[in-house]
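Undergrad: Starting from the structure of chain A, add chain B where the hints point.
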Amino acid sequence: MKRWVVWLLAFLGLAVAQDRAQVLVYGGDWTDLITLDPQVVYEFSGVMIADNLYETLVRFEGNDLSTLRPGLAESWKVERGTTDWILTFKLRKGSRFSTGREVTAKDVVYSFERALALKGPGSFLFTEIAQLKPGATKALDPYTVEVRIPKAASPQSFLSILTFTLGGIVDSEEAQKNAKGNDYGKDFLTNNSAGSGPYRLVRWDRGNQVILEANPYARIKPKVQRVVLRYIQEPAVLRTALESGEIDIAEGLTPEALRAIAANPRFKVVRAETLRLQYLAMNMKPGSPFANPKVREAVRWAVNQDELVQGLLQGNGVKMQTFIPKGLLGYNPTTPYKYDPARARKLLAEAGYPQGLDFELLASTGICGGGVPCPDVAAKVQADMAKAGLRARIRTIANAELLATYRAQNHQMVLAGWSPDFPDPDGNATPWSDFNARSLAWRNSYNDEVAAKLARQAALEAEPEKRKALYRILTEKVLREGPYVVLYQPAQPIGLSAKVEGFLKNPMMSVPLWQVSKQP
Amino acid sequence: MVAYLLRRLFMVLFVGVGITFVTFFIAQVIPIDPAVAALGENAREEQIQEFRKRYGLDQPLLVQYSIYLQRLLQLDLGRSLRTGRPVAEDLKEFFPATLELALSAFLVAVLLGLPAGVWAALRQNRPPDLLVRLMALLLGSTPVFFLAILLLDLLHRRLGVLPGPGRLDPYLIPPPPVTGLVTVDALLARNFAAFQDALAHLFLPAFVLGSASAALLARMVRAAMLEVLSQDYVRTAWAKGLSERQVVFRHALKNAALPVLTLLGGLMGGLLSGAVLTETIFSWPGLGRYVTQSATSLDFPAVMGVTLLVGVIYSLLNLAVDLLYALLDPRIRYA
Chain A
1 MKRWVVWLLA FLGLAVAQDR AQVLVYGGDW TDLITLDPQV VYEFSGVMIA
51 DNLYETLVRF EGNDLSTLRP GLAESWKVER GTTDWILTFK LRKGSRFSTG
101 REVTAKDVVY SFERALALKG PGSFLFTEIA QLKPGATKAL DPYTVEVRIP
151 KAASPQSFLS ILTFTLGGIV DSEEAQKNAK GNDYGKDFLT NNSAGSGPYR
201 LVRWDRGNQV ILEANPYARI KPKVQRVVLR YIQEPAVLRT ALESGEIDIA
251 EGLTPEALRA IAANPRFKVV RAETLRLQYL AMNMKPGSPF ANPKVREAVR
301 WAVNQDELVQ GLLQGNGVKM QTFIPKGLLG YNPTTPYKYD PARARKLLAE
351 AGYPQGLDFE LLASTGICGG GVPCPDVAAK VQADMAKAGL RARIRTIANA
401 ELLATYRAQN HQMVLAGWSP DFPDPDGNAT PWSDFNARSL AWRNSYNDEV
451 AAKLARQAAL EAEPEKRKAL YRILTEKVLR EGPYVVLYQP AQPIGLSAKV
501 EGFLKNPMMS VPLWQVSKQP
Chain B
521 MVAYLLRRLF MVLFVGVGIT FVTFFIAQVI PIDPAVAALG ENAREEQIQE
571 FRKRYGLDQP LLVQYSIYLQ RLLQLDLGRS LRTGRPVAED LKEFFPATLE
621 LALSAFLVAV LLGLPAGVWA ALRQNRPPDL LVRLMALLLG STPVFFLAIL
671 LLDLLHRRLG VLPGPGRLDP YLIPPPPVTG LVTVDALLAR NFAAFQDALA
721 HLFLPAFVLG SASAALLARM VRAAMLEVLS QDYVRTAWAK GLSERQVVFR
771 HALKNAALPV LTLLGGLMGG LLSGAVLTET IFSWPGLGRY VTQSATSLDF
821 PAVMGVTLLV GVIYSLLNLA VDLLYALLDP RIRYA
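Residue numbers (the numbering used here), protein chains in the order written: chain A, 1 to 520; chain B, 521 to 855.
Incorrect hints may appear among the rest.
Said to hold, decoys possible - Each computed DSS-like pair below joins lysine-lysine, with the alpha-carbon atoms no more than 25 Å apart:
| id | chain 1 | residue 1 | chain 2 | residue 2 |
| --- | --- | --- | --- | --- |
| 1 | B | 612 | A | 180 |
| 2 | A | 180 | B | 573 |
| 3 | A | 133 | A | 180 |
| 4 | A | 133 | A | 77 |
| 5 | A | 77 | A | 138 |
| 6 | A | 133 | B | 573 |
| 7 | A | 380 | A | 338 |
| 8 | A | 466 | A | 77 |
| 9 | A | 285 | A | 346 |
| 10 | A | 285 | A | 477 |
| 11 | A | 119 | B | 573 |
| 12 | A | 119 | A | 106 |
As the list claims (entries may be wrong) - According to the in silico footprint, chain B covers these stretches of chain A (three or more CB under 8 Å from chain B):
| id | segment |
| --- | --- |
| 13 | 23–33 |
| 14 | 391–404 |
Hints listed in this document are in silico derivations from the structure and should not be mistaken for laboratory results. Glycine is no exception: its CB is placed at the ideal position from the N, C-alpha and C atoms.
For reference, chain A alone in the conformation it holds in the complex (with noise of 0.2 Å):
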């Protein structure tokens, strides 16, 4: 063979092998994907590639969730009107949508407004948390964007939310040139991207595969062109394509799978840290044994969360007892209850059962934080109670009928899940502690007004030492007098290809794939 041909070979070869580190290819279970249009989409792995698609005002960073930082505004400043709370953001100058036109404040209105028309699943965030209202955001300049939310709303909590998707800002024009009668574009923006985000999105396969490019106009360049993510619901599939290097990136992965892949050096194991709480939660509505305090008290003292944690969980998550998570702020990592049985069996003699307390513990058919198997959980806590003399007898049931027991409290003690719907201490706060907001307090008829108040008043704090001090005080008081018992807050871990770097997957779900780069 000539030697020119041997040179051409090696470098078609070549050629082959960086267009292959040039692709990223992320396999997952996304079959809850039904939106990609970001003042919509609502679900975990929509939000994740939307977060991709568009940028927001202001952002976070990595796994810190308290501590702002600009994006498309390079400024912004907060002031107390005599009604309102007055929000400035000034805009840089140049960032451009994938379309080439540049972003401007009337698309920043555009966006706003349109969330509030869409009234997709996550509007309430603007609606009632930050009780935006029509017509209150306004362009000052073409660089200038001035928000206005009433004195009663969080301008903390407002901006947290605009860090989420709800906040992505999108072309107003290509969105408007794409409307279906009043849709403001949302049939186009289902399945095409028009924002100013790193990628930008090629196609959707439904039930198959999304294809990300890299936005050609992006202020922000990502490091990996081209991003596949392929559907792959099997979890023993899921190992196969990670280790014959179909794919690059597996999220899904059972933990024997995950202890095969850490032993192997050509691949990692990387801990998404999450914002979920597993908790217990009792119903202490009139007449029921949980309304009394000591019988609280006695199920604190009788669930072994240290084996939960290390055993059933193989550390994919760590133990928590209060309702602020770790990454937020407040967070209060006390954890004075220890496993006790007999002390439990004490407390629940001295509320008036000495013979012990049989009750009904609810839990999901399907996997808890953790990627552990909910009636498992349920059998490790009933374990552990019937030492203290707490009975429970497990009811598995699907998860949507969970919900809608719990919805109606008609559950007497239910194991389940949590997320804040934004990355605020109030995102828990209010849920947990405050009745009127008609969630966790509601359904568990916890209905303490000092509680709610507490929740209210640290809410609308400005002042981040001030705040903390509030929800230390409120998640010692709801840990010692309120229905739940929080077991652990999961972690989530994902098999990664040894030749993947600067994966990284932050509490809120988010994960910035152009930070990700990829060894031929």
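TA: Here is chain B on its own, set in the frame of chain A:
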């Protein structure tokens, strides 16, 4: 004949309406609120009310059903509660994958099952027959998920001779979607690399899905052939000194074809209604996975759409089988 055809097609319509009726009322028996199922753990009361109103779930059952029928007359299958899209759009996206897989699996079944059955019948109780019967027993009784994972692990991960799950290599640029059948789309785009790769991706799922049908078919063909081969006219044919090929294909197979045809119609119907396990393991975006997803999230417009589609497919296949009967057996005439 035309009158018969029209009558039968009219019946298909009836079957379709009957199917929607049964599915609709089964969906109502389930004690879970679809709105809660769709909106998840953090949903607020107002959101749930709004959702119920938007999808007409707050109306009385009979009103809901009559609205559904009215829409159906305009060929509108309603909107999916889960994806929020028209069900017809979803079906248009998921059905081609099932069609592509079903046709390939059917091909595998016929190519493997038919000759194997004939061969076994001709060599009854001799090694070929025993081999075919053993294989049929093995393939017919191996769970699909087991066979699929085994073959994928062996041929893809260990030996690397066949591609992994999915319809196309993620590193290839997929051809623009026209028909939704990746092989056909690749040919239309004259993208032969993609065509080859799509065929390779099709091979394993088609084999896994088709092999169970092949086993069934082989057993059926064998039994039907054995019966025919013992008939007087076949003995006469042998006695006339006809070659084996003439006896088998002209005299025996044609007569054995009627029961086989019925089975083939049923097999094709089964394949076209989507294969949940095969589709899940091979990450194949077909009807089976779509309907499972819809059922678990209580998305009954979607479930009804799929059931209706599958019901109509079955009815039409039955009609086709009946028409083929007349073609094969001159004694059968429809009027």
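Undergrad: Now look at each hint and say whether the structure bears it out.
TA: Here is how each hint holds up against the structure:
About 21 Å separates the Cα atoms of residue 612 (chain B) and residue 180 (chain A), which keeps this hinted pair within 25 Å; it holds. For the hint linking residue 180 (chain A) to residue 573 (chain B), the alpha-carbon distance of about 22 Å falls within 25 Å, and the restraint holds. For the suggested pair residue 133 (chain A) and residue 180 (chain A), the alpha carbons sit about 24 Å apart, so the restraint of at most 25 Å is met. Our distance criterion of 25 Å between C-alpha atoms is met by residue 133 (chain A) and residue 77 (chain A), whose separation comes to about 19 Å.
Among the hinted pairs, residue 77 (chain A) with residue 138 (chain A) is consistent with the structure: their alpha-carbon atoms are about 15 Å apart, no more than 25 Å. The straight-line distance between the Cα atoms of residue 133 (chain A) and residue 573 (chain B) is roughly 23 Å, inside the 25 Å bound, and the hint therefore holds. Only pairs whose Cα atoms come within 25 Å are accepted, and residue 380 (chain A) paired with residue 338 (chain A) is accepted, the gap being roughly 16 Å. For the hint pairing residue 466 (chain A) with residue 77 (chain A), the CA-to-CA distance comes to about 20 Å; that is within 25 Å, so the pair holds.
Proximity of residue 285 (chain A) to residue 346 (chain A) is assessed by CA-CA distance (about 23 Å); at most 25 Å being required, the pair is judged to hold. With a C-alpha separation of about 19 Å, the suggested pair residue 285 (chain A) and residue 477 (chain A) falls inside the 25 Å cut-off, and the hint holds. As the CA atoms of residue 119 (chain A) and residue 573 (chain B) are separated by approximately 14 Å, the hinted pair is consistent with the 25 Å bound. About 20 Å separates the Cα atoms of residue 119 (chain A) and residue 106 (chain A), which keeps this hinted pair within 25 Å; it holds.
As drawn, the segment 23–33 of chain A meets chain B at 3 residues by the rule of a beta-carbon pair under 8 Å; at three or more, the given contact holds. Under a criterion of three residues with beta carbons nearer than 8 Å to beta carbons of chain B, the stated coverage of the segment 391–404 of chain A is upheld, 5 such residues being counted.
Consistency note: the structure conflicts with none of the earlier hints.
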